[in-house]
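Q: Given next are the chains, with one letter for each unit.
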Amino acid sequence: MLKTLNRLLVFREPAVPRYEFEAGREDRPSAPAGGRAPSGAKKPAGGAPGDTAAFEKKRAEGRRLDAILKGNRPLSTSLDENERLLKEIFREPGNKDIVFRPFSIGTERPRRALLVFFDGPVNTDRQNLSILQPLMLFAGLRPDRIPAERGEPGPAGQEAREELAKRIREALLPGNEVSPAGTVREVVEDVLNANTALLVDGLDTALLIETKAWATRGVGTPQVEAVIRGPQEAFTEQIRINITLIRKTLRRSSLVTEFLPVGRISPLQCAVMYLDDVANPALVAEVKRRLKSVGADYVNESGILEQFIEDMPGAPAPQTLATERPDRVVAGLVEGRVAIMVDGNPWALIVPATFFSLMQAAEDAYNRWPPGTFTRLIRYVGLGLALLLPGAYVAIITHHPEFIPTDLLLAFAGAREPVPFPTAVEVLLMEAAFELIREAGVRIPGTVGTTLGIVGALILGQAAVAANIVSPILIIIVALTALGSFTIPNYPFSNTIRMYRFFYIALGTVLGLFGILVGLFVHLALLARMTSFGVPFLAPVAPVTRSAPDYLWRGPAWEQEERPDYLDPLRRRRQPRISRGWTQRRTGKGDDRPDGR
Amino acid sequence: MSSGLPRVGFGEAVALLVVFLSMKVLISHLALIFPLGLSASWMIPLMHLPVGLVGAAVIVWLLNRFPGRTIVEIGEELVGPVVNGFFTLFYYVFFVIFTALILRQFAEFMLTGFLPETPLGVAVPAFAAGAAAIVFLGLEALARTARVLFYLLGFSFVLLLLLTSNLWAPHGIMPLWGPGVLALSWAAFSTLGVGVEIFLLALLAPYLPRGRVLAAGLVSVLAAGAVVALATLVSLLVFTYPVVREPVLPMFELARAVQWGRFFVRMETLFLPLWIFSALIGLAAALYICTAVAARALKLPCHRPLILPTLVLILAGAFTPPNFSTAVEVGFVVTAQWSFVPLGAIIGVLVAAAWLRSRRQRRE
Numbered sequence: 000m001l002k003t004l005n006r007l008l009v010f011r012e013p014a015v016p017r018y019e020f021e022a023g024r025e026d027r028p029s030a031p032a033g034g035r036a037p038s039g040a041k042k043p044a045g046g047a048p049g050d051t052a053a054f055e056k057k058r059a060e061g062r063r064l065d066a067i068l069k070g071n072r073p074l075s076t077s078l079d080e081n082e083r084l085l086k087e088i089f090r091e092p093g094n095k096d097i098v099f100r101p102f103s104i105g106t107e108r109p110r111r112a113l114l115v116f117f118d119g120p121v122n123t124d125r126q127n128l129s130i131l132q133p134l135m136l137f138a139g140l141r142p143d144r145i146p147a148e149r150g151e152p153g154p155a156g157q158e159a160r161e162e163l164a165k166r167i168r169e170a171l172l173p174g175n176e177v178s179p180a181g182t183v184r185e186v187v188e189d190v191l192n193a194n195t196a197l198l199v200d201g202l203d204t205a206l207l208i209e210t211k212a213w214a215t216r217g218v219g220t221p222q223v224e225a226v227i228r229g230p231q232e233a234f235t236e237q238i239r240i241n242i243t244l245i246r247k248t249l250r251r252s253s254l255v256t257e258f259l260p261v262g263r264i265s266p267l268q269c270a271v272m273y274l275d276d277v278a279n280p281a282l283v284a285e286v287k288r289r290l291k292s293v294g295a296d297y298v299n300e301s302g303i304l305e306q307f308i309e310d311m312p313g314a315p316a317p318q319t320l321a322t323e324r325p326d327r328v329v330a331g332l333v334e335g336r337v338a339i340m341v342d343g344n345p346w347a348l349i350v351p352a353t354f355f356s357l358m359q360a361a362e363d364a365y366n367r368w369p370p371g372t373f374t375r376l377i378r379y380v381g382l383g384l385a386l387l388l389p390g391a392y393v394a395i396i397t398h399h400p401e402f403i404p405t406d407l408l409l410a411f412a413g414a415r416e417p418v419p420f421p422t423a424v425e426v427l428l429m430e431a432a433f434e435l436i437r438e439a440g441v442r443i444p445g446t447v448g449t450t451l452g453i454v455g456a457l458i459l460g461q462a463a464v465a466a467n468i469v470s471p472i473l474i475i476i477v478a479l480t481a482l483g484s485f486t487i488p489n490y491p492f493s494n495t496i497r498m499y500r501f502f503y504i505a506l507g508t509v510l511g512l513f514g515i516l517v518g519l520f521v522h523l524a525l526l527a528r529m530t531s532f533g534v535p536f537l538a539p540v541a542p543v544t545r546s547a548p549d550y551l552w553r554g555p556a557w558e559q560e561e562r563p564d565y566l567d568p569l570r571r572r573r574q575p576r577i578s579r580g581w582t583q584r585r586t587g588k589g590d591d592r593p594d595g596r
Numbered sequence: 000m001s002s003g004l005p006r007v008g009f010g011e012a013v014a015l016l017v018v019f020l021s022m023k024v025l026i027s028h029l030a031l032i033f034p035l036g037l038s039a040s041w042m043i044p045l046m047h048l049p050v051g052l053v054g055a056a057v058i059v060w061l062l063n064r065f066p067g068r069t070i071v072e073i074g075e076e077l078v079g080p081v082v083n084g085f086f087t088l089f090y091y092v093f094f095v096i097f098t099a100l101i102l103r104q105f106a107e108f109m110l111t112g113f114l115p116e117t118p119l120g121v122a123v124p125a126f127a128a129g130a131a132a133i134v135f136l137g138l139e140a141l142a143r144t145a146r147v148l149f150y151l152l153g154f155s156f157v158l159l160l161l162l163t164s165n166l167w168a169p170h171g172i173m174p175l176w177g178p179g180v181l182a183l184s185w186a187a188f189s190t191l192g193v194g195v196e197i198f199l200l201a202l203l204a205p206y207l208p209r210g211r212v213l214a215a216g217l218v219s220v221l222a223a224g225a226v227v228a229l230a231t232l233v234s235l236l237v238f239t240y241p242v243v244r245e246p247v248l249p250m251f252e253l254a255r256a257v258q259w260g261r262f263f264v265r266m267e268t269l270f271l272p273l274w275i276f277s278a279l280i281g282l283a284a285a286l287y288i289c290t291a292v293a294a295r296a297l298k299l300p301c302h303r304p305l306i307l308p309t310l311v312l313i314l315a316g317a318f319t320p321p322n323f324s325t326a327v328e329v330g331f332v333v334t335a336q337w338s339f340v341p342l343g344a345i346i347g348v349l350v351a352a353a354w355l356r357s358r359r360q361r362r363e
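Residue numbers (numbering that gives the first Met the number 0), protein chains in the order written: chain F, 0 to 596; chain U, 0 to 363.
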């Protein structure tokens, strides 16, 4: 009884639950420089994950295996040794999706072999029909003429081994892509790329067989760069499909695709595409130099890669043109630009990018030039509205009401009269609400998207006005600003503009139109100083360079005679001066019309 | 693809020089020209033109003899470091004063026309910060920005003049010769310093395309002369003499006079970019001259470290005049009336030294 009472009354520290993994705790003994933990630290029993010794052992093991991979260790002639090493590298038996499939090659004297692959991303039918079946069942139809002796030293043994590998590759594996590999690293990388490695006892060469079958979605329609007229295909997450989409449109022998691995922890294939007879070699070399120099841990998206290769990371605009449309990539390649694609994501980067290329949409070229030019001008107006309208509204209402004609001023004053906030607060509230709705709209699941639309319309529209929080005029301003930002065809650029809008609101609040213009001047100077892979961002306007009529306005297709001078392409001219040959008069001997008219 | 040295294209140089040479019409320069030229004031810029063209040609001749060098290095080569040190000091001090007075005038204009509640202590640093930012970004950025804005400025200027066409009164420029040919010539001669901004060409030359420095200089002087003459002429046509003597900021009054129907009645805000962008380009160019001259004289590889100290001097200079009218008067006296003498003398000494040197070399 007393014990129970005591237990109830006496304060006790609540029991802290113990976890196996306790990293990041403040009371954890601090690790000495270069070491993990003091040697005297108490070790949890049983080699738990928090165990210092286990930690050190694991780290040492990881370093050893990394060293094997980095050191390009050659494969052994012993199948058992190769198997043991690969199992260590792939963390077998802990790792359950790596498969080591032993079998015998059905020659007169059966030879032990091993397939290594990941369960899932490989095409099992192809494995069965193109690898296992011929090797196990049909190998005896063409017996070894030069059997390789296991471990036989000297040139004779080496020659025999090479001959056997060649024979298997050329006569027994009907797959279209089979390549030999002599190092552990090559085997590991290829297996990671969903191929299958064939190791044969007595051979120090593995055969890497194409068996990729990544799960991927089909070619869909563009989600961000939709057009009414023009191709309706967009890139997918599979780099090979993306390259195929480009090659399908641009059938030219000089179209080169180079692959560069990017990322240290999981090197992803990064494709560099260019027209060898058009793109400036210095530009291509610069792109490759930058990509090769990227020492990033993990680059799985072109947006991450972009940050590693752009000229000025702090600049107020993107310096690459991100697109999901193969036709835009092709248009860029034909102009002399270089395309960069990262495996696993549906966005390609086109470099160099200029301000005017960021403001172009694919459809500009597909329309006749008058509407093409008109829509482009509308887009520039949209850019101006998106960037400056809220700031200018604040500036004019706060500092320059004299600019508003009297009738309109009275309407403004009447609408603003019940609103208790200053204009700047009112604008900031609405802009912040709009940005919230916009961000929520991106994150929200599709099924409840309509709800967001209703909430947004209510908040932005009726409720805010009815509650006298904002004036109806401001709703028009915010709506126009939003529409303006949606007209910007490049999504990253549109995001940048959204962000800078708030600077202009602040400048307009403090210094009126004067502040906005000073800000615009500095903004423009920053853009003028920017470069994208060495090309001035405001080219061909500043600096002035020769270019076809395709920047501020869109000229007719038959006037696009030259490639942009700022790209310094190998071929300057795109088409003859008179590209509409039928407009030329035919006279005299040159008249090849059949009826001689 | 880009080298370390800035590169300025022909169009960029012309845009920069034209704006720099003609920005003064937007402040009170014209108000002090009208009393000198009366109804023929518009002829004064045209009379300045031959001198400006010859001056530009002389500077370019000097620069062409020492390709890749600015006037500071050329001076050191020709007259030695000590004498050239005095020359450089003069350039620096003169352009600091020039920038300070222009800065003060534009800031006062802003306060008078658009921000009456704002203290001078805000407007002056705001202008200075904008100019300093672009000078920090470099000559290339400055020239390219001027080039991009040149279309807008040109369009606004022409629009401003054209929108007042309903107010033009031809008798405003009568009598045609104003105070008479002799007095008019004297008025033009006594204000020859209005083109002192062409000195910028002496610092731009190494970065311009070879062989186009002279063309850039001549085209800029011609275009700027035309701009100033047109602004003077339209002011006279709208306000007529002697009313035109009254406004302190004639071009601003011109903008205020614009009316387009019953709805568009206060159009001066529409032309605000013309003032602000011209001012910032001009101030940035002047600040660049100060810092570049000092950097060259001190053999610094970059002008950036000198921006802040120079800016402090300029701000101090801008706040020194007790009021707007003093700043306008001092500015006119220092630049338009007296700057031509010492600057012309320095250029004359350098040209003579270069000529003597080349003669000596030819003899040897």
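No lab work stands behind these hints, which were simulated from the structure alone. Certain hints may be false.
[What the hints assert, rightly or not] Where chain F lies over chain U, by a calculated footprint (3+ residues, C-beta under 8 Å):
| id | stretch |
| --- | --- |
| 1 | 5-15 |
| 2 | 120-130 |
[To be verified] Here are a few chain U residues that face chain F, going by a calculated C-beta distance under 7 Å:
| id | residue |
| --- | --- |
| 3 | I133 |
| 4 | T144 |
| 5 | V147 |
| 6 | R265 |
[To be verified] Per label pair, the in silico range of CB-to-CB distance:
| id | chain 1 | residue 1 | chain 2 | residue 2 | range |
| --- | --- | --- | --- | --- | --- |
| 7 | U | N165 | F | E401 | 18 to 28 Å |
| 8 | F | R250 | U | P208 | 17 to 27 Å |
| 9 | U | P208 | F | L569 | 20 to 30 Å |
| 10 | U | P169 | F | A466 | 27 to 37 Å |
| 11 | U | G79 | F | N494 | 52 to 62 Å |
This structure is a prediction, so every number in the text was calculated from the model and none was measured. By construction, the Cβ of each residue, glycine as well, lies at the ideal position given by its N, Cα and C atoms.
Q: Apply the coverage criterion to the stretch 5-15 of chain U and chain F: a residue qualifies when its Cβ sits closer than 8 Å to a Cβ of the chain, and three qualifying residues are needed.
A: Holds: 4 residues of the stretch 5-15 of chain U have a Cβ under 8 Å from chain F.
Q: Quick one: are U:P169 and F:A466 within 27 to 37 Å, going by C-beta?
A: violated (60 Å)
Q: Could you check the hint for me, namely that U:G79 and F:N494 are 52 to 62 Å apart, CB to CB?
A: Given range 52 to 62 Å: holds, Cβ gap about 58 Å.
Q: Interface hint check: U:V147, Cβ to nearest Cβ on chain F, cutoff 7 Å. Holds or violated?
A: Result: holds, 5 Å to nearest chain F Cβ.
Q: Less than 7 Å between beta-carbons is the criterion; does U:I133 satisfy it with respect to chain F?
A: holds (4 Å)
Q: With 7 Å as the cut and Cβ atoms as the points, is U:R265 at the interface with chain F?
A: holds (5 Å)
Q: Given the hint of 20 to 30 Å, is the C-beta distance from U:P208 to F:L569 inside that range or not?
A: Cβ of U:P208 to Cβ of F:L569: about 23 Å, so the range 20 to 30 Å holds.
Q: How about the stretch 120-130 of chain U: do at least three of its residues have a C-beta closer than 8 Å to a C-beta of chain F?
A: Holds: 6 residues of the stretch 120-130 of chain U have a Cβ under 8 Å from chain F.
Q: Could one say that the CB atoms of F:R250 and U:P208 fall in the range 17 to 27 Å?
A: violated (41 Å)
Q: At the C-beta level, are U:N165 and F:E401 separated by a distance inside 18 to 28 Å?
A: Holds, at about 21 Å.
Q: Using the nearest Cβ pair, does U:T144 come within less than 7 Å of chain F?
A: Constraint on U:T144 satisfied, holds at 5 Å.
Against the hints set out earlier in the document, violations occur for numbers 8, 10.
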